[in-house]
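Enquirer: Sequence order for the protein chains is A and B.
FYI, in our numbering the residues of the first sequence are 8 to 247.
FYI, in our numbering the residues of the second sequence are 8 to 247.
None of these hints come from the bench; they were simulated from the model.
Since no wrong hints were added, every one of them can be taken at face value.
Same chains, same label: a pair holds when it works inside one copy or across any pair of copies.
The list that follows gives simulated cross-link-like pairs (lysine to aspartate or glutamate, EDC-like), each with its CA atoms no further than 20 Å apart:
no., residue 1, residue 2
1, K68, E44
2, K195, E64
3, K112, D177
4, K68, E204
5, K63, E204
6, K195, E29
7, K207, E64
8, K214, E224
9, K195, E56
10, K206, D177
11, K63, D39
12, K206, E64
13, K214, E64
14, K43, E204
15, K221, D162
16, K43, D184
17, K207, D177
18, K63, D184
For reference, the chains in residue letters:
Protein chains: 2
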Amino acid sequence: YSSMASMERNHNFFFRQLFDHESSTYTYLLGDTSNKEAVLIDPVYEHAERDANLIKELGFKLVYAMNTHMHADHITGTGKLKSLLPGTKSVIGKGSGALADIYLKDGDVVRFGSHQLWAAATPGHTNGCFTYISHEQCMAFTGDALLIRGCGRTDFQEGSSETLYKSVHDRIFTLPDHFILYPAHDYKGLTSTSVGEEKKYNPRLTKPLDEFVKIMEGLNLPYPKKIDESLPANRVCGVF
Amino acid sequence: YSSMASMERNHNFFFRQLFDHESSTYTYLLGDTSNKEAVLIDPVYEHAERDANLIKELGFKLVYAMNTHMHADHITGTGKLKSLLPGTKSVIGKGSGALADIYLKDGDVVRFGSHQLWAAATPGHTNGCFTYISHEQCMAFTGDALLIRGCGRTDFQEGSSETLYKSVHDRIFTLPDHFILYPAHDYKGLTSTSVGEEKKYNPRLTKPLDEFVKIMEGLNLPYPKKIDESLPANRVCGVF
Ligand SMILES: [Fe+2]
Ligand SMILES: [Fe+2]
Numbered sequence: 008y009s010s011m012a013s014m015e016r017n018h019n020f021f022f023r024q025l026f027d028h029e030s031s032t033y034t035y036l037l038g039d040t041s042n043k044e045a046v047l048i049d050p051v052y053e054h055a056e057r058d059a060n061l062i063k064e065l066g067f068k069l070v071y072a073m074n075t076h077m078h079a080d081h082i083t084g085t086g087k088l089k090s091l092l093p094g095t096k097s098v099i100g101k102g103s104g105a106l107a108d109i110y111l112k113d114g115d116v117v118r119f120g121s122h123q124l125w126a127a128a129t130p131g132h133t134n135g136c137f138t139y140i141s142h143e144q145c146m147a148f149t150g151d152a153l154l155i156r157g158c159g160r161t162d163f164q165e166g167s168s169e170t171l172y173k174s175v176h177d178r179i180f181t182l183p184d185h186f187i188l189y190p191a192h193d194y195k196g197l198t199s200t201s202v203g204e205e206k207k208y209n210p211r212l213t214k215p216l217d218e219f220v221k222i223m224e225g226l227n228l229p230y231p232k233k234i235d236e237s238l239p240a241n242r243v244c245g246v247f
Numbered sequence: 008y009s010s011m012a013s014m015e016r017n018h019n020f021f022f023r024q025l026f027d028h029e030s031s032t033y034t035y036l037l038g039d040t041s042n043k044e045a046v047l048i049d050p051v052y053e054h055a056e057r058d059a060n061l062i063k064e065l066g067f068k069l070v071y072a073m074n075t076h077m078h079a080d081h082i083t084g085t086g087k088l089k090s091l092l093p094g095t096k097s098v099i100g101k102g103s104g105a106l107a108d109i110y111l112k113d114g115d116v117v118r119f120g121s122h123q124l125w126a127a128a129t130p131g132h133t134n135g136c137f138t139y140i141s142h143e144q145c146m147a148f149t150g151d152a153l154l155i156r157g158c159g160r161t162d163f164q165e166g167s168s169e170t171l172y173k174s175v176h177d178r179i180f181t182l183p184d185h186f187i188l189y190p191a192h193d194y195k196g197l198t199s200t201s202v203g204e205e206k207k208y209n210p211r212l213t214k215p216l217d218e219f220v221k222i223m224e225g226l227n228l229p230y231p232k233k234i235d236e237s238l239p240a241n242r243v244c245g246v247f
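Next comes chain A alone, as it looks inside the complex (with noise of 0.2 Å):
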């Protein structure tokens, strides 16, 4: 891009990134100034008021509420979303095993207004993982593939670590350095991360595979607190 057609795009691009604090989730709202059309990424059924309200007093058409995949530690906000917002559309990536109203493939692309989210497939936290990724705005969100010096836990759901590294090296650590990284979750305190530094700094996926395979294996994590209350709601699209 030149510069200038870059700052045009630029110019009419909104974005807000907003938290649940009980599951340390991150929910992102990237809208068009323009048309106002906007899209969500990983709402959460307890702030879909919230969430719903702001759109409103921003202006916005919320024409996708996404799922980067089907979350195992909270219910999803999309279903209450689409009653609080008539019109809104679903998505997720197919194979996730999750009902909603579109399923992305890979290399899909995710319009709102002149912006675009391309979706890339980045299975391995659970198959139907995907990450949304702007080029124009040099930004990706990476769902549960890629966390800020972490990544997401590999035995639930279809987890395979072989997969994730494969995932997070052939598709996130592809984009340029610079590119900032938004995930779905971050359990201290920051809130992004850019590819340069999680090639450099992150200490599972830096590492040879079979180190981190290792690693994985070793993580010994609880059994998730709401994974029975989730799944099967937001295989659903959440409850509403």
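Given the structure of chain A, go ahead and fit chain B with the ligands onto it with the hints provided.
Expert: Using the frame of chain A, we list chain B with the ligands on its own:
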């Protein structure tokens, strides 16, 4: 600014928002990626090591550890950061009642690399409250003067609802509508707002002065949990 000039300015600007779950405090790291000078706004004592580590990983030299005011709800990280990152100078508003290496008065400019923050006195929550404004980046750090859809309490330290109202209306609401505002706290998972939004939707500060004063008088907030340990520590730049 012309588009191209502002493009150039943005080019070497780094920005990262950080969070403390305990006190719901936001800390902000701003840097010049060319000469590697950085400033940190409102660091929290318990996260000094997290912040120092991130600053080192990113290759920054922390020139200033700044506070928007003398906080009553957490101990500042400035003192500890000074020992973790030698050469760092602590900065706070004159009239805050707190010790620091540098005292700001209204209109002072804080420089890091080719970037600058303009210090605007916004008393009312405390006497020494400052808002730090980047005209170049269209952003301002409002401390507790203006919170997202709210504002800091005025019943402690040198709180004055009349003064706070005047500060916000004269110094923050006069900024362009598209300026992004970053507060010292948020308790609902919101991370930023804009001048335009707050001028339209702030439930307190959109009211006439007399109504605002009554709202603030009627808040009946509990005694600040950590005030008795925070203020003595923050008077001397934190514990370290
Ligand atoms: Fe997940
Ligand atoms: Fe405060």
